[in-house]
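Engineer: Here's the letter readout for the chains.
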Amino acid sequence: MRMPRSVLLRVYGRSLFLQAAWNPQGMQNLGLAYALYPALEVLYPDEVARSEAVRRHLTVFNTHPYVAASIVGGVLHHERRIARGEESPDRVVAFKAALMGPLAALGDGFFWLSLRPAVGAACAALVPWLGGWAALLFLFLYNAVHLWLRARFYRLGLLLGDGLVNQPALQRLPRWGTRLRHVAAACAGGLAAGLAVQFGAQQPGAAGPWLAAGCVGLGVAGYWAVGRRLPHTVSLFLAACLAMAASAIL
Amino acid sequence: MTVEWGQVLWAFAWGGLCAVERRGFLQAMVSRPLVAGTGAGLLLGDVQAGLYVGLLFELYYLGTASLGASRPENDTLAATAGAAFAVGLARANGAPSVPAVWSLGVLTCAGMGPLGRWMEMRLERHAAGLLGRAASIAEAGQLRRAVRQNLFGLWPFFAAFGAVTALASLAGQLAAPWERRVPLELLRGLAWAYPAMASVAAAIAVRGANDRRGHLYAGVAAVAVGAAAWGAGP
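Just so you know, the sequences run in chain order A and B.
For the first sequence, our numbering assigns the number 1 to the initial residue and increments by one for each residue that follows.
For the second sequence, our numbering assigns the number 1 to the initial residue and increments by one for each residue that follows.
Just so you know, these hints were derived from the structure itself, not from any lab.
Accuracy of the hints is not assured; some may be wrong.
As the list claims (entries may be wrong) - Label-pair restraints from in silico Cβ distances: (1) B/Thr2 <-> A/Ile249: 35 to 43 Å; (2) A/Leu160 <-> B/Trp5: 27 to 35 Å; (3) B/Leu115 <-> A/Arg91: 25 to 33 Å; (4) A/Ala97 <-> B/Arg122: 23 to 31 Å.
All residues carry an ideal CB built from backbone N, CA and C; glycine is no exception.
Taking the hints into account, I'd like the entire structure generated from these sequences.
Structural biologist: Encoded structure:
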């Protein structure tokens with residue numbers, strides 16, 4: 001059965017609400033059923049068959065929300081075959097169960113632990129030059145990658161079904177992730193030094209160099225202390241107290 | 001003193017929208033501290049305050065992520081509430097914000113991260129109720145209505161997180177008379193606290209980058225940027 005393009009677009013649009021009713025019992029299941037429903041309406045005109053289809057997507061489902069687009073596409077691929085009688089409903093259940101874990105790990109590693117920190121740190125480092133525009137640049141850079149990959153994953157899932165796991169687009173993500181983590185670390189270090197010098201230069205008299213040097217020293221000490229599992233909040237408040245004490249002395 | 005209720009309403013709307021974006025719609029990172037803080041500053045009338053409070057929380061929470069069953073602190077609430085507090089404080093005093101005010105915003109709202117995490121966990125019970133409701137509606141044959149329950153999971157987040165952000169804005173405005181009585185020496189100390197906290201937040205960010213050689217990259221970049229900035233002079 002041929003699926004109208006408008007329905008495919010609706011499913012993609014609704015998949016953006018995947019986590020709206022995330023809950024500890026079913027996790028993203030309600031979101032998945034919500035996303036798929038327009039397609040299930042087309043594929044199963046019979047009320048009973050449609051009800052069964054909805055129910056098989058109300059079982060536990062949880063994966064990375066962006067990479068989930070490929071599973072949503074893959075589920076549609078399978079549901080089309082099920083509706084044509086070419087495969088049993090067990091296949092789509094097995095497809096989801098097999099892919100949601102590995103794809104979650106892939107998505108977490110690339111998007112949450114690499115792309116987001118790298119773009120966040122790079123744009124934060126540009127704040128002294130760009131001001132508020134750095135926030136807009138963050139949205140543009142991050143979403144250029146995010147939305148493009150999300151649409152591409154959906155298309156791959158639709159076209160390939162199970163075959164999407166062999167796609168280079170997915171396999172290349174870990175390598176890119178490693179490079180992006182270097183960028184995040186470098187930008188955070190550069191920003192710390194830049195802010196220390198900038199704020200030091202704003203201080204009148206001889207206090208400026210002391211403030212700049214003190215901030216750099218606190219950064220190094222903070223790196224060491226966090227590595228020794230000192231709670232982040234304690235580190236932050238300790239830095240504030242030390243700076244206030246130093247300002248009273250100098 | 002008079003309270004600017006328009007500001008409180010804007011803070012409510014922005015805090016709620018960011019919570020919805022973070023929770024369940026699109027997740028285009030409008031809710032990241034850098035963007036959420038700057039947006040709050042823009043809407044409430046002091047971009048600088050929002051930007052610098054957001055910048056600090058962006059670094060502080062750079063490496064946190066919701067992985068598997070783990071639930072990180074709510075960086076969005078910390079940024080929106082911190083920015084709303086700082087802007088409310090500065091505007092009520094009739095002056096543009098300064099680093100001392102940004103520090104007060106950060107220090108006052110650093111605890112919002114854990115609070116937001118706790119609120120998220122409480123509100124998920126409501127979402128679990130929606131799942132049960134959707135199942136019973138589906139049993140009754142109303143499939144379209146059943147799957148639409150998904151969207152009702154967003155409203156409690158909008159209301160709860162919007163309310164906390166609005167309260168932060170109100171608290172900032174109410175704290176203004178107190179801030180005017182703070183001795184100049186203490187204000188100077190708070191101004192120094194901002195870059196100090198930013199340095200520590202950057203160190204946390206380097207750790208959070210999850211890069212085995214992150215300290216090397218950060219160190220080289222810090223030396224290069226520090227030398228260039230120092231050489232350029234004031």
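Engineer: All hints are to be evaluated individually against the structure, with a verdict given for each.
Structural biologist: Results of checking the hints against the structure:
no.	hint	result
1	B/Thr2 <-> A/Ile249: 35 to 43 Å	holds (40 Å)
2	A/Leu160 <-> B/Trp5: 27 to 35 Å	violated (55 Å)
3	B/Leu115 <-> A/Arg91: 25 to 33 Å	violated (45 Å)
4	A/Ala97 <-> B/Arg122: 23 to 31 Å	holds (30 Å)
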